[in-house]
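For the sequence shown, the numbering used here begins at 7 and goes up steadily by one.
Hints were generated in silico from the structure; no laboratory data involved. What you are looking at is a predicted structure, and each value in this text was computed from that prediction instead of being measured. Hints are supplied without guarantee of correctness; some may be wrong.
So the derived label-pair ranges between C-beta atoms look like this [to be verified]:
#1 S99 with E23: 25 to 33 Å
#2 V31 with T80: 22 to 30 Å
#3 A33 with A114: 36 to 44 Å
#4 G30 with L115: 47 to 55 Å
#5 S111 with E29: 45 to 53 Å
#6 Q17 with G96: 19 to 27 Å
Beta carbons are placed, not taken as given, at the ideal position from N, Cα and C, and that holds for glycine.
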Amino acid sequence: MALILQLETPQALDALEEIAAVEGVDALFVGPADLSAAMGHGGDARHPAVQKAMAQAAERARAVGIPIGTLAGTPEMATQVRAAGFDFVGLGSDLGLLVHAAQASLHALRTPDAAVVHSLNVGTHAY
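Please work from the sequences and hints to get the whole structure.
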């Protein structure tokens, strides 16, 4: 069992060292979407100010010797946050994975190359 505390506001990042020093805390985790919203960037986790704050958090966590992680929506973003010093990375989120699965299903239903095509206005028919 591990106790990982999530930091999602600039105030939480400001208190990173204090939070890391709490007895029993095993790691920290920066929530990029909520952090970016709290910073006034409308959930844009790729905003330069958000990326800078996250990189600084990773650097500060390393300085106090506590692991720090985050989420990445793409493999490219995962590579970037690892390069910025994050120790562990969750690739995707429950909502993101659900949306991508729904989009893939819709795409499959709308592909006319399939033997059977499903559409709302025509119904199911074979080509």
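E29 and S111 - C-beta distance against the hinted 45 to 53 Å
The hinted range 45 to 53 Å holds for S111 and E29, with Cβ atoms some 47 Å apart.
May I ask you to test the hint 36 to 44 Å on the CB atoms belonging to A33 and A114?
39 Å, holds
47 to 55 Å was suggested as the range; check whether the CB atoms of G30 and L115 agree with it.
49 Å, holds
Is 19 to 27 Å a correct range for the gap between the Cβ atoms of Q17 and G96?
23 Å, holds
Should the hint that S99 and E23 are 25 to 33 Å apart at their CB atoms be regarded as holding?
Given a distance of about 27 Å, which is inside 25 to 33 Å, the answer is holds.
Is the distance from the Cβ of V31 to the Cβ of T80 consistent with 22 to 30 Å?
Check passed, 29 Å falls within 22 to 30 Å.
The earlier numbered hints are all upheld by this structure, with none contradicted.
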